[in-house]
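Numbered per the numbering used here, the sequence shown finishes at 493, counting up by one with no gaps.
Bear in mind the hints are in silico, worked out from the structure with no lab data behind them. Because the structure is a prediction, the values reported are computed rather than measured. We put the beta carbon where it would ideally sit given N, CA and C, even for glycine. Some hints could be false.
[As the list claims (entries may be wrong)] Computed spacing ranges between beta-carbons, pair by pair:
1) 470 - 290: 19 to 27 Å
2) 238 - 393: 21 to 29 Å
3) 234 - 392: 24 to 32 Å
4) 154 - 178: 19 to 27 Å
5) 231 - 177: 19 to 27 Å
6) 409 - 348: 23 to 31 Å
7) 421 - 461: 35 to 43 Å
8) 154 - 468: 22 to 30 Å
9) 470 - 239: 30 to 38 Å
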Amino acid sequence: MVRVRRWGGVLVGGEVPLLAVSTTAPTLAGCLDQVLAARRAGADVVELRGDLLQEVQEAGGGDPRLLARLLARAADAVVRALEDADAGAAASPVPGAVVGSVPGAAPGAAEEAEGRVTRPGVLVTLRTRSQGGGLDLDRSGYRAVLGALAEGYLEGAGLRRPDAVDVEAYCAGLYVPGGRDLEEARADLRLLAGLVHRAGLDVVASCHDLSGTPEEDETMDLLIDMQDDGADVVKLAATPHDAVDVARLLNATACAREILSVPLVTMSMGEQGAVTRVAGGVFGSALTFVLVPGPDGSWTPSAPGQLPIESVRAVHEVLGLHRGAGAGYEVAAGPRGHTMCP
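Based on the provided sequences and hints, a complete structural model is requested.
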């Protein structure tokens, strides 16, 4: 049984995969424009990419508490903007709309949430350059910033909080199970997960393999380790070199879905892996990152291979992965020794 998470007004790990949009603007004003555009387009989750903010990059190697404050203030602005937009929509509802409907929920859940004003979920991410992001931070610096962010929320700074924080799992040790570096990295994840949980936020443990695609048993070991080390959601992005890599990731996703008790998110990056972004939900991925055009009509992906939200939504409808489909995307549980699973 998957432990479904509520972020804002959506359920992560519910019956349908969610659509998430990442900010890419270098200014907070630009991020807010993107966030509101994502909301209007029907995104379920917005990811604040703090590492792409210019003021965060300029403060990069400095005081971790300053970086944490910048990130917390940006997250506060995003949550407030979404809440204000949600309140405005509730005051002037669209005829026929159901206020309080919960994306990702089973049919009938709207009645349970009747009268509740909802907003998209908010995920805050500080992606380091080693994981494909925009910020130069070593492991100790990264640990210090996220620790300061969690401590700031614990102290009650009066800021609106996001629903979840992305915590990078150290995946350089992926291919050397039991190695000292991997054990130290797992200790880092356990430490940060504990701090983030004490602040009342969910942990998305993430790993981006920028050089290739792990073998299926390695993928499953990594996802299980991240779950065991405190993640509420586990995420793996891999780089395919051929169609076999893409198929291997999808099969590992289906197998992991059978045994994990937390929602998982997987994707194969680039044009070759685009199928995982539209059909990953069939195999058990709880969320996919999509594109929404900015105010000038341009598309700026936060990672290679992301597709327009309307295109992904259309495919989801064909595959029965859309809201109200009823059947959901549950992967039929089978014996752990199934021949297609490691």
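Going through the hints against the structure:
Taken as a hint, the range 19 to 27 Å is violated for the pair residue 470 and residue 290, whose Cβ atoms sit roughly 39 Å apart. Distance hint check: the CB atoms of residue 238 and residue 393 are about 49 Å apart, inconsistent with the given range 21 to 29 Å. Here the CB-CB span from residue 234 to residue 392 is close to 44 Å, at odds with the stated 24 to 32 Å. About 37 Å separates the C-beta atoms of residue 154 and residue 178, a value inconsistent with the hinted range of 19 to 27 Å.
Between residue 231 and residue 177 the beta carbon distance is about 20 Å. The supplied range of 19 to 27 Å therefore holds. Judged by the Cβ atoms, the range 23 to 31 Å given for residue 409 and residue 348 holds: they are separated by roughly 26 Å. At about 21 Å, the beta-carbon gap between residue 421 and residue 461 misses the expected band of 35 to 43 Å. As the Cβ distance of residue 154 to residue 468 is approximately 27 Å, the hint placing it in 22 to 30 Å holds.
At roughly 33 Å, the beta-carbon separation of residue 470 and residue 239 lies within the given 30 to 38 Å, and the hint holds.
The structure fails hints 1, 2, 3, 4 and 7 (numbered hints given earlier, in ascending order).
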